[in-house]
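Enquirer: Residues per chain are reported as follows:
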Amino acid sequence: MTDPHRQQEDDRSPERSVPRGPAETSLDVGSATLEGKRSRPAKAREPIFELSGVEVAYSGKVAVRDIGFDVAMKEITALIGPSGCGKSTLLRCLNRMNDLVPGATVAGTINYHGQDLYGSTVDPVEVRKRIGMVFQKPNPFPKSIYDNIAFGPRVLGMKGDMDEIVERALRRGALWDEVKDRLKTNAFGMSGGQQQRLCIARTLATDPDVILMDEPCSALDPISTGKIEDLMLELRERYSIVIVTHNMQQAARVSDMTAFFTVQLEEDGHRTGRMVEFDETQTIFTNPNDERTEAYVTGKVG
Amino acid sequence: MSHQPVTAQAFEEAAEAPVVGQASRRTKVEGSAFKWLLIGCIGLSFALLATLLIDVAADGVSRLSLDFITKYGSTVADNAGVRAALLGTLWLMAVCAAFIIPVGVATAIYLEEYADETRWYNRAIEVNIQNLAAVPSIVYGILGLAFLVRGPFGMGSIILAGGLTLGLLVLPVVIIAGREAIRAVPPSIREGSMALGATQWQTIWRQVLPAAIPGISTGVILSLSRAIGETAPLIMVGAATFVAFDPALQSAFTALPIMIFDWISRPSNAVNDYASLAAGAIIVLMVLLLGMNAIAIWLRNRFEQKW
Chain Y
1 MTDPHRQQED
11 DRSPERSVPR
21 GPAETSLDVG
31 SATLEGKRSR
41 PAKAREPIFE
51 LSGVEVAYSG
61 KVAVRDIGFD
71 VAMKEITALI
81 GPSGCGKSTL
91 LRCLNRMNDL
101 VPGATVAGTI
111 NYHGQDLYGS
121 TVDPVEVRKR
131 IGMVFQKPNP
141 FPKSIYDNIA
151 FGPRVLGMKG
161 DMDEIVERAL
171 RRGALWDEVK
181 DRLKTNAFGM
191 SGGQQQRLCI
201 ARTLATDPDV
211 ILMDEPCSAL
221 DPISTGKIED
231 LMLELRERYS
241 IVIVTHNMQQ
251 AARVSDMTAF
261 FTVQLEEDGH
271 RTGRMVEFDE
281 TQTIFTNPND
291 ERTEAYVTGK
301 VG
Chain R
1 MSHQPVTAQA
11 FEEAAEAPVV
21 GQASRRTKVE
31 GSAFKWLLIG
41 CIGLSFALLA
51 TLLIDVAADG
61 VSRLSLDFIT
71 KYGSTVADNA
81 GVRAALLGTL
91 WLMAVCAAFI
101 IPVGVATAIY
111 LEEYADETRW
121 YNRAIEVNIQ
131 NLAAVPSIVY
141 GILGLAFLVR
151 GPFGMGSIIL
161 AGGLTLGLLV
171 LPVVIIAGRE
181 AIRAVPPSIR
191 EGSMALGATQ
201 WQTIWRQVLP
211 AAIPGISTGV
221 ILSLSRAIGE
231 TAPLIMVGAA
241 TFVAFDPALQ
251 SAFTALPIMI
261 FDWISRPSNA
271 VNDYASLAAG
281 AIIVLMVLLL
291 GMNAIAIWLR
301 NRFEQKW
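Protein chains in written order, with this note's numbering: chain Y, 1 to 302; chain R, 1 to 307.
These are calculated hints, taken from the structure and not from any lab test. Remember, it's a predicted structure, so these values are computed and weren't measured experimentally. In this text, a Cβ means the ideal position worked out from N, Cα and C, and glycines have one as well. One thing to keep in mind: the hints can contain errors.
[As the list claims (entries may be wrong)] Calculated Cβ distances over 10 Å to all of chain R for the following chain Y residues:
{"hint": "1", "residue": "60"}
{"hint": "2", "residue": "61"}
{"hint": "3", "residue": "84"}
{"hint": "4", "residue": "107"}
{"hint": "5", "residue": "126"}
{"hint": "6", "residue": "188"}
{"hint": "7", "residue": "206"}
{"hint": "8", "residue": "298"}
[Stated by the list, open to error] Below, computed lysine-lysine pairings styled on DSS-like, alpha-carbon distance capped at 25 Å:
{"hint": "9", "chain 1": "Y", "residue 1": "184", "chain 2": "R", "residue 2": "71"}
{"hint": "10", "chain 1": "Y", "residue 1": "137", "chain 2": "Y", "residue 2": "159"}
{"hint": "11", "chain 1": "Y", "residue 1": "159", "chain 2": "Y", "residue 2": "227"}
{"hint": "12", "chain 1": "Y", "residue 1": "180", "chain 2": "Y", "residue 2": "227"}
{"hint": "13", "chain 1": "R", "residue 1": "306", "chain 2": "Y", "residue 2": "143"}
{"hint": "14", "chain 1": "Y", "residue 1": "74", "chain 2": "Y", "residue 2": "227"}
{"hint": "15", "chain 1": "Y", "residue 1": "143", "chain 2": "Y", "residue 2": "74"}
{"hint": "16", "chain 1": "Y", "residue 1": "143", "chain 2": "Y", "residue 2": "227"}
{"hint": "17", "chain 1": "R", "residue 1": "306", "chain 2": "Y", "residue 2": "137"}
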């Protein structure tokens with residue numbers, strides 16, 4: 001782990017913890033959570049992303065606006081909300097994937113370790129080296145399993161024994177035992193769930209700081225989904241994860257913090273995404289502040 | 001459901017009729033007539049092709065021998081062979097491929113991956129490439145004559161000029177095929193690569209191009225098999241009809257279609273049967289051409305990526 005940012009971790013002052021809002025007391029209930037799956041001691045949270053007043057537009061049409069929340073280090077932050085609320089759009093701003101869409105513009109500030117992600121000196125390629133992404137549909141490269149993993153380290157010019165790098169990534173991706181005997185076979189021969197774990201392992205191979213997941217389980221069956229959720233909880237020990245999901249149970253099961261987005265009809269007739277509420281996942285699901293959040297998480301709408 | 005009162009007779013009839021009714025006689029006749037029309041069309045084209053092949057084979061098969069391949073041309077028909085023409089054709093194809101592969105693929109990459117389609121000049125390039133694909137081959141011959149053989153390049157009537165002229169002729173087809181192959185690589189592959197921190201160039205070179213190679217090579221081979229039969233442009237750039245040496249890049253040359261054209265246009269008689277020579281040369285050309293098409297089909301089936 002040679003990531004300079006990660007070494008700074010201990011030197012950073014914990015003064016900027018995630019704003020909690022009125023539901024602060026929920027912490028005292030203890031860290032036992034909805035599913036009892038997680039138990040994390042309450043600790044000072046260091047922000048890895050700080051968003052404020054973020055607005056994303058495509059060719060002048062605003063897709064999502066007024067977004068502000070912090071993503072804490074080594075936590076899972078979930079973005080939930082109905083279709084078209086801009087949660088995927090926002091996720092794609094966090095590693096500047098939106099730069100690839102002609103006409104996409106981002107206003108407001110997104111700080112990454114205190115540095116403006118959209119600053120004029122920031123190279124988007126460098127950003128993506130540190131911030132990995134897993135997509136909705138598994139997108140393995142049409143190559144062998146080995147080459148799928150080795151691609152990232154190779155283009156990044158990572159030093160070291162490639163076999164070791166590949167094995168480590170596959171072990172972290174909880175895939176090693178299933179594929180160790182067929183590393184040279186084409187990745188397209190794997191099941192959908194395995195392909196998605198391969199895509200996660202591929203991201204891990206470059207040793208990123210953050211992993212962004214855009215509905216990573218929406219194309220998978222419940223068993224594969226369960227495996228990926230277990231994997232996410234394991235990965236939280238090392239990585240910070242931001243996940244967009246349509247599946248509210250998933251957000252409840254895996255995430256520490258949840259941002260709820262909704263679609264709002266603007267005066268000019270356009271629909272834009274807004275963030276309604278950001279809080280501890282438990283609070284969002286049991287005692288939300290906003291009635292729109294409550295209606296959504298209890299299944300009254302959406 | 002009918003709302004008319006159900007009579008006993010109608011009820012019996014309905015009970016006897018199968019649930020799914022039969023097609024009316026008229027529909028059936030129309031359906032089979034259309035099918036037979038289509039079969040007829042296919043049959044006609046096959047019959048024409050078969051007649052041509054059988055006729056050529058019958059005329060030319062007597063000429064086929066190792067001598068026919070290894071001997072140079074001769075005014076004595078029985079001593080003539082296609083050696084110079086065959087080598088000339090192979091040289092032309094080599095020059096043509098060396099020109100169209102890098103230029104065609106680079107153009108296709110630019111248009112698919114870099115060009116901003118909202119710019120007028122990129123749209124102009126695109127439209128004109130499609131237009132160029134439809135320009136008659138003789139026009140390319142004139143271009144080759146004016147610019148390569150004479151004019152600014154002044155190469156003379158050499159293989160290089162002939163190969164480049166054929167290259168210009170099929171370049172638009174290669175570009176179009178290359179673009180289609182590149183476009184067939186799903187955007188999710190590019191996204192996956194970029195998300196790992198690869199640059200656009202690394203993504204194209206290491207992901208998009210390897211995945212597009214089967215499609216690109218199929219396009220290149222099919223373009224070459226079009227170029228191999230072209231006669232008019234070669235006549236324009238001054239291909240010779242009689243060459244009694246092995247051609248090289250900078251030498252005068254002849255080619256199979258030119259040879260065929262020359263032999264066909266000579267009067268045949270009992271002593272000098274040029275017509276059968278022409279038929280023999282056509283067989284050689286057809287074997288080359290069908291071989292190239294077979295490679296293209298094999299490549300497509302073997303390496304085609306199902307996404």
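Enquirer: Tell me, in ascending order, the numbers of any earlier hints that this structure violates.
Expert: 5, 6, 7, 9, 10, 11, 15
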